[in-house]
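Generate coordinates for the entire structure from the input sequences, incorporating the hints supplied.
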Amino acid sequence: MGQYLPILALLILAVLFAAISFVASGLFAPKRTTSAKRAPYECGVEPAQDTPDRFPVRFFLVAMIFIVFDIEIIFLYPWATIFRQLGLFGLVAMFIFAFAVFESFVYLIGNGALDWGPVKRAVRRELVDPGRTANTTIRRVGAEGRMEFDDVDTRTATPGEAA
Amino acid sequence: MEAIVFFVSAAIILAGGLGVIVLRNPVHAALSLVATLFGVAVLFIDMEAYFLAAVQVIVYAGAIVVLFLFVIMLVGVDKAEDIYAEPIIKQRQFAALAAAGMLILVALVGVAFAGDVTGQPSNEDMTISRAIENPDGTTTPAETSNINQLAEALFTDYVFAFEITALLLTIAVVGAVVLARRPKGDLQPLPDVEPSWALRKPRAVTPTEATDPSAGDDADQDPDETTVDQAATDGAETDEAKA
Amino acid sequence: MPAIFSLDPLFLGDAGNLEILAIVLAKVVIAFAGLMVSVMLMVWWERKFISDLQNRIGPNRAGPFGILQTLADGIKLFFKEDLIPDQSDRFVFKLAPYLSLVPAFLVFAVVPIGGDFSNGGDGLISVFGNDTYVQLADPHIGILFVLAMSSIAVYGIMLAGWSSGSKYPLLGSVRASAQMVSYEAALGLALVAVLLKTGSLSTTTIVREQAGEGPEFLGLFPMPDWNVIVLGVVPFIIFFIATTAELNRPPFDLVEAEQEIVGGFHTEYSSIRFALFFLAEFMNVVTMSAVMVTLFFGGPAGPDLGVLPAALWGFVWFFAKLFVFLCLFIGLRGTLPRLRYDQLMDLGWKLLIPLALGWVLFLATLDVFSDRGWTSGGERLVVTGVFLAAMLVFAGLLMVAISNGKKARERDGEEVFG
Numbered sequence: 001m002g003q004y005l006p007i008l009a010l011l012i013l014a015v016l017f018a019a020i021s022f023v024a025s026g027l028f029a030p031k032r033t034t035s036a037k038r039a040p041y042e043c044g045v046e047p048a049q050d051t052p053d054r055f056p057v058r059f060f061l062v063a064m065i066f067i068v069f070d071i072e073i074i075f076l077y078p079w080a081t082i083f084r085q086l087g088l089f090g091l092v093a094m095f096i097f098a099f100a101v102f103e104s105f106v107y108l109i110g111n112g113a114l115d116w117g118p119v120k121r122a123v124r125r126e127l128v129d130p131g132r133t134a135n136t137t138i139r140r141v142g143a144e145g146r147m148e149f150d151d152v153d154t155r156t157a158t159p160g161e162a163a
Numbered sequence: 164m165e166a167i168v169f170f171v172s173a174a175i176i177l178a179g180g181l182g183v184i185v186l187r188n189p190v191h192a193a194l195s196l197v198a199t200l201f202g203v204a205v206l207f208i209d210m211e212a213y214f215l216a217a218v219q220v221i222v223y224a225g226a227i228v229v230l231f232l233f234v235i236m237l238v239g240v241d242k243a244e245d246i247y248a249e250p251i252i253k254q255r256q257f258a259a260l261a262a263a264g265m266l267i268l269v270a271l272v273g274v275a276f277a278g279d280v281t282g283q284p285s286n287e288d289m290t291i292s293r294a295i296e297n298p299d300g301t302t303t304p305a306e307t308s309n310i311n312q313l314a315e316a317l318f319t320d321y322v323f324a325f326e327i328t329a330l331l332l333t334i335a336v337v338g339a340v341v342l343a344r345r346p347k348g349d350l351q352p353l354p355d356v357e358p359s360w361a362l363r364k365p366r367a368v369t370p371t372e373a374t375d376p377s378a379g380d381d382a383d384q385d386p387d388e389t390t391v392d393q394a395a396t397d398g399a400e401t402d403e404a405k406a
Numbered sequence: 407m408p409a410i411f412s413l414d415p416l417f418l419g420d421a422g423n424l425e426i427l428a429i430v431l432a433k434v435v436i437a438f439a440g441l442m443v444s445v446m447l448m449v450w451w452e453r454k455f456i457s458d459l460q461n462r463i464g465p466n467r468a469g470p471f472g473i474l475q476t477l478a479d480g481i482k483l484f485f486k487e488d489l490i491p492d493q494s495d496r497f498v499f500k501l502a503p504y505l506s507l508v509p510a511f512l513v514f515a516v517v518p519i520g521g522d523f524s525n526g527g528d529g530l531i532s533v534f535g536n537d538t539y540v541q542l543a544d545p546h547i548g549i550l551f552v553l554a555m556s557s558i559a560v561y562g563i564m565l566a567g568w569s570s571g572s573k574y575p576l577l578g579s580v581r582a583s584a585q586m587v588s589y590e591a592a593l594g595l596a597l598v599a600v601l602l603k604t605g606s607l608s609t610t611t612i613v614r615e616q617a618g619e620g621p622e623f624l625g626l627f628p629m630p631d632w633n634v635i636v637l638g639v640v641p642f643i644i645f646f647i648a649t650t651a652e653l654n655r656p657p658f659d660l661v662e663a664e665q666e667i668v669g670g671f672h673t674e675y676s677s678i679r680f681a682l683f684f685l686a687e688f689m690n691v692v693t694m695s696a697v698m699v700t701l702f703f704g705g706p707a708g709p710d711l712g713v714l715p716a717a718l719w720g721f722v723w724f725f726a727k728l729f730v731f732l733c734l735f736i737g738l739r740g741t742l743p744r745l746r747y748d749q750l751m752d753l754g755w756k757l758l759i760p761l762a763l764g765w766v767l768f769l770a771t772l773d774v775f776s777d778r779g780w781t782s783g784g785e786r787l788v789v790t791g792v793f794l795a796a797m798l799v800f801a802g803l804l805m806v807a808i809s810n811g812k813k814a815r816e817r818d819g820e821e822v823f824g
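Residue numbers (this note's numbering), protein chains in the order written: chain C, 1 to 163; chain V, 164 to 406; chain R, 407 to 824.
Be a bit skeptical, because a hint or two may be false.
Pairwise CB distance ranges, derived in the manner of DEER restraints [stated by the list, open to error]:
#1 L427/R - F28/C: 26 to 36 angstroms
#2 A263/V - F28/C: 52 to 62 angstroms
#3 A174/V - F28/C: 31 to 41 angstroms
Once the Cα atoms are required to be at most 20 angstroms apart in a straight line, the calculated EDC-like pairs of lysine to aspartate or glutamate come out as [claimed, not checked]:
#4 K603/R - D777/R
#5 K756/R - E46/C
#6 K454/R - D479/R
#7 K812/R - D710/R
#8 K37/C - D495/R
#9 K756/R - E816/R
#10 K500/R - D488/R
#11 K37/C - D492/R
#12 K812/R - E103/C
#13 K31/C - D488/R
#14 K603/R - E622/R
#15 K37/C - D488/R
#16 K31/C - D492/R
#17 K603/R - E315/V
#18 K37/C - D748/R
#19 K31/C - D777/R
These are computed hints drawn from the structure, not numbers from a lab. From the three backbone atoms N, C-alpha and C, an ideal C-beta is built for every residue, glycine too.
Following this line, the structure appears as C-alpha cells:
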C-alpha cells in the first residue's frame, strides 16, 4: 500500500493545482460574456447545421477489435514475465491464442471494417454532348461511346454529381 | 489504513453504481461507471491484487467504457430518453419483484455461509506479500508482485480456459461485424433521418422536440426525398464524420 | 538486496511514519515543480528550435533568449475570459481538463530519473539515512501504470469534445479517441517485448537490467545493454510511432488539424481551461519521452565518468537522453506533413499491430529454443527461418484480407459500415 502513497500525493497535488488555477482565473478574468461568445464556434458565421449526432459504425468496430487486442495484451504481460519457465508449452499456448486473435482480426479486415479511405467507384453520368452543356462547362472530348460499361454503381447516379 | 482505503473506495463504488442507475444522461451514467471501476481498482490494490487493479483500469475503464461511449455517440442517444415510456408492460413492477427476490437470495446465502464468505488468502505460503521483520533486525521485503503466480496458474492449470477466451473474443468480433453490417443488395429505404445538409435555424428546442425524442428527427423530412437521394445524403454524412 | 525485490525500500524500512511522510512530500513537491519547469522549458525550446528550422527568430522578448515566454503566456491566460458555451454539458465540460491533466502528472511518478546504476549500482540514494529510489514510486504494477494512465487520458479528450456541444470539437474528439485507442494496442504490444527481457514490471528493474555492457559491435567494442539494441530495433520503432500517435503530435495531429476542424477537441475552451489542456499535452510529451528513455535507452543508467559525484551522473545521462527525444519530436513536427485519417488507421492496424505481435512471438520463440539448448548460430538460424516462413504465410493471409476488404468496400459501397 505504501508504495502508492506518493502517487496519491501527486494526484492530490495535481487536482489542487487545477482547482486553484480555475479559482484564480475566476478572480482575475473579466466577465463580459454575451450570447454570441457562448454560441458554438463556427468561424464567425451563424451555425448552419446541427452537431452530427450519429457517427459511422466503423468507430464502434475499432473499439471492439481494440478490446480484443487489449485482452490479448493483458494475457501477454503475465506470460512474458514467466515464459522461460513455461518453456515450449507456454509458447504453444500463446501461439494458439495469438492465432485465434489474429483470425478475428483478419475477418474484420477482410470485411473492410478497418478501411477508412474514400471509395473509388465508377459513376455513370448522363451522356452529354461533347460541347458545353447546361450541366457542366467541361468539354468531354471523345466521351461518345465510352460510358457504356455495365458494372458501374448506379445508386448514386444523379446527373452532374460526382462521387 | 486498509480499512480507510476500503471505506473510501467502497463509497466511490456505491456512488458510481447509484449514478449509473439514477443519472438520465447516458454519458453521465457511463462516467459514473468509470468511477465505479476505478473504485474497484483501488479495492484490488487494497487487497494486494495489483495486477488485477491494472487490468481493471486498462481493460474496463480504458477499453470497454470507451466502447460504451462510442455506442452512445454512434446511435446518438446522448439525450435523456423519456423515462416514463415502458417498453415492456408492467416492467417497473417486475423490476421491483426481481430486486426483492435478489435481496432475499443474497440474504439467505449470506446467512448460510456466514463466516466463510471472505475466503482465504490466495498465497498462503507460496510467497511473502508483506514485508516481514526478521528476528535479527533485518527486514525481508515483500514479493514484487503476484503476477508470476497468476501467470503460472493461468498457463498451466487453466490453460484450456485461457484458449477458450480467444474463441469467445473471436465470436464477439464476428457478432459485431454481423450486427454492424448493413445488408447487401439494393438499399432499403433508410430510417427517417433529417438530411444533414438541410439548413436549419440555430437550435431552438421546441416544446415538441423536448418531449418527444423522435420528433426532432423527422420534423423537416421532405416527403419527396427518394431512396437514391437518401443514399447520397448518407454518404455525405459519412464523409463529414470522417473529415 | 536481490534484484527481484525492487519496491522502494523507503516503505519497507523502520523509519518513523512522520519521517517517511516528509520525504514523500518533499519528493512529490520536487517532482511537481520539476515537471512544470521542464514543460515550460520544453515549450520554449520547441518554439525556438522550430523557428530555427523555419528560418525565423522565435520568441525573444521575455527574459534572456525569450526563455520566460511560456511563463508570460501562462500568466496571460489567467486574465482571459473563461467562456462556457450555452450548448455545453457544464459538468462534463468542467471535468474534462482534470481528466486530461491529472494522468499527465501521474505518469511521471514511475519514471526513474536518477541514481547510480553504474558498476552494478542499485540506483538507491540515501536521504537522511533512508534509502530510496530517485523516482516518486515504484509500485508493483510499474510500467502498467503508464498504460493505465494513458487509457484514462482518452477520456479527457473524448469528453472535452463531446461536452462542448459544438461540431468541430465533437469531430475532433471522436477522431482522437479512435486514434488513441488504435495506437494503444501497438504501444502495449511493443511493451511486451521489453517485459520478455526483463521479466519484471518494475521500472527500476527495467533500468537495472539495462545497465552494464551488452553485445559487442562487430567484435570491436561493447555496446550498452539497452533494450533498443537487445530486442532488435523494431519494438522501439513501433513504440515510438505509437507514442507519437498517442500524444497527438505531428505527423499524427489530426485531432487538432487546424485546416479541417479548427482546434479539435479544445475549440470551445478558453482561458485557463485551455491552458491546462495545453499543459497536459506538453507534459505528456515530456513524460512519454522519459518512459521511452526508461524502457529502451537505459534510463539514468550510464557510465560514471568521474568529475561529478556518482549519484549525479544518473541525472546527467537521463536528461541528456530525454533532450534527444524532445528534439526528435520537434524535428518530426518541423519536417513531416500530417497523415490522412485512413493512412493513420492503416499504419496502426495493418502494419504496426501485426508486426509488433509477430516480433514478440519471434523473440519469445528464440529464447525458448535457446533455453532448450538450441544456442549455436546454425540452430538459431533454423528457428528464425522456420518462424519467418510461418510469419510470411500469416502476412500473406493478412494481405489477402486487406485486398478483400478493399474489394468488398468497392462492391458494397462505403455505407456498409457507414
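A quick look at each hint next to the structure:
Taken as a hint, the range 26 to 36 angstroms holds for the pair L427/R and F28/C, whose Cβ atoms sit roughly 34 angstroms apart. Between A263/V and F28/C the beta carbon distance is about 55 angstroms. The supplied range of 52 to 62 angstroms therefore holds. Distance hint for A174/V and F28/C: a CB-CB separation of about 35 angstroms, consistent with the stated range 31 to 41 angstroms. Pair hint K603/R plus D777/R holds up; C-alpha atoms about 14 angstroms apart against a cutoff of 20 angstroms.
Taken as a hint, the K756/R and E46/C pair is broken in the structure, with Cα atoms around 41 angstroms apart against an allowance of 20 angstroms. Of the pairs offered as hints, the one joining K454/R and D479/R holds, with about 15 angstroms between alpha carbons and a cut-off of 20 angstroms not exceeded. Straight-line distance between C-alpha atoms of K812/R and D710/R comes to about 56 angstroms, which puts the hinted pair past the 20 angstroms bound. About 16 angstroms separates the Cα atoms of K37/C and D495/R, which keeps this hinted pair within 20 angstroms; it holds.
The suggested pairing of K756/R with E816/R holds, with an alpha-carbon distance near 19 angstroms, which does not exceed 20 angstroms. Among the hinted pairs, K500/R with D488/R is consistent with the structure: their alpha-carbon atoms are about 11 angstroms apart, no more than 20 angstroms. With a C-alpha separation of about 9 angstroms, the suggested pairing of K37/C with D492/R holds against the 20 angstroms cut-off. Between K812/R and E103/C, the direct Cα distance comes to roughly 18 angstroms. Compliance with the 20 angstroms bound is thereby established for this hinted pair.
With a C-alpha separation of about 8 angstroms, the suggested pair K31/C and D488/R falls inside the 20 angstroms cut-off, and the hint holds. Among the hinted pairs, K603/R with E622/R is consistent with the structure: their alpha-carbon atoms are about 18 angstroms apart, no more than 20 angstroms. This hinted pair checks out: K37/C and D488/R have alpha carbons roughly 10 angstroms apart, not beyond 20 angstroms. Taking the CA atoms of K31/C and D492/R, the gap is about 15 angstroms. The hint holds against a cut of 20 angstroms.
Under the criterion of a C-alpha separation no larger than 20 angstroms, the hint pairing K603/R with E315/V is consistent with the structure, at around 18 angstroms. Among the hinted pairs, K37/C with D748/R is inconsistent with the structure: their alpha-carbon atoms are about 35 angstroms apart, more than 20 angstroms. Among the hinted pairs, K31/C with D777/R is inconsistent with the structure: their alpha-carbon atoms are about 70 angstroms apart, more than 20 angstroms.
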